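Engineer: Letter by letter, the chains look like this.
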Amino acid sequence: EDQVTQSPEALRLQEGESSSLNCSYTVSGLRGLFWYRQDPGKGPEFLFTLYSAGEEKEKERLKATLTKKESFLHITAPKPEDSATYLCAVPNAGNNRKLIWGLGTSLAVNP
Amino acid sequence: DTEVTQTPKHLVMGMTNKKSLKCEQHMGHRAMYWYKQKAKKPPELMFVYSYEKLSINESVPSRFSPECPNSSLLNLHLHALQPEDSALYLCASSQAQGVPEAFFGQGTRLTVV
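Line order of the protein sequences matches chains A and G. My numbering runs 3 ahead of the 1-based position in the first sequence. My numbering runs 3 ahead of the 1-based position in the second sequence.
These are computed hints drawn from the structure, not numbers from a lab. Any given hint could be a false lead.
To be verified - So, partial list: chain A residues that the calculated Cβ filter (under 10 Å) puts toward chain G: (1) P47; (2) T79; (3) P94; (4) A96; (5) K101.
Predicted model, so just to flag it, every value in this text is computed and none were measured. Idealized CB from N, CA, C, for every residue including glycine.
Whenever a hint applies, use it, and build me the whole structure from the sequences.
Structural biologist: Structure follows, in structure tokens:
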């Protein structure tokens, strides 16, 4: 069964304290892994797409990496404005490529 | 323009009301989506339109009725909703179905009383 698991469920960091979020997946024939950021009461904002093991993408203080079983979202020297819920998703193995979502990691960065 | 615009932002409706949610995009995307999101849960797919035709209906109750009048517009008609239907309703679009890099709107916060 296609599945996406994110950890930790919640993470509280001090400003400047780097850390990583994890997204592990079980899907036949990975056709991409997607990271989104969601602020409370707003729609998800697309961050990254990763397609193959070893691939890395960066945007400001965020770097996403991918292995054959999991993806990491590294946050370097976070700021309070990085506080949000980070969601990852993968397309299912079927023809409709419906997204299978993780439950997200709620990140709080304290000043 | 990389925006998906949803209206209204907030909606309170009674269980006997009929209302509609609207979504608009001008990115030339040919796939449009409705999602429902409850607190502390990921988005839950409801409908997918591909080239203005309904492609996926995730067994959504008939009190939710989608409509795609043209390639830029997506509506969700609501009738006889239940309090448990209260949620954030999100519209999204992507270049095509199967291209999951989707752009989401800001959502409509729906409360059914």
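Engineer: Now tell me, hint by hint, if it's right for this structure.
Structural biologist: These are the hints, each one checked on the structure:
The beta carbon of P47 of chain A comes within 5 Å of a beta carbon in chain G, closer than 10 Å, and the hint placing it at the interface holds. Taking 10 Å as the C-beta contact cut-off toward chain G, the hint placing T79 of chain A at the interface is violated, the least distance being around 24 Å. With a least beta-carbon distance of about 5 Å to chain G, the hint placing P94 of chain A at the interface is held under the 10 Å criterion. Look at A96 of chain A: its Cβ only gets to about 13 Å from chain G, farther than 10 Å, so that hint breaks.
With 10 Å as the threshold, the beta carbon of K101 of chain A comes within range of chain G, its nearest partner Cβ sitting at about 6 Å, so the hint holds.
In terms of the numbered hints stated before, the structure departs from hints 2, 4, listed from lowest to highest.
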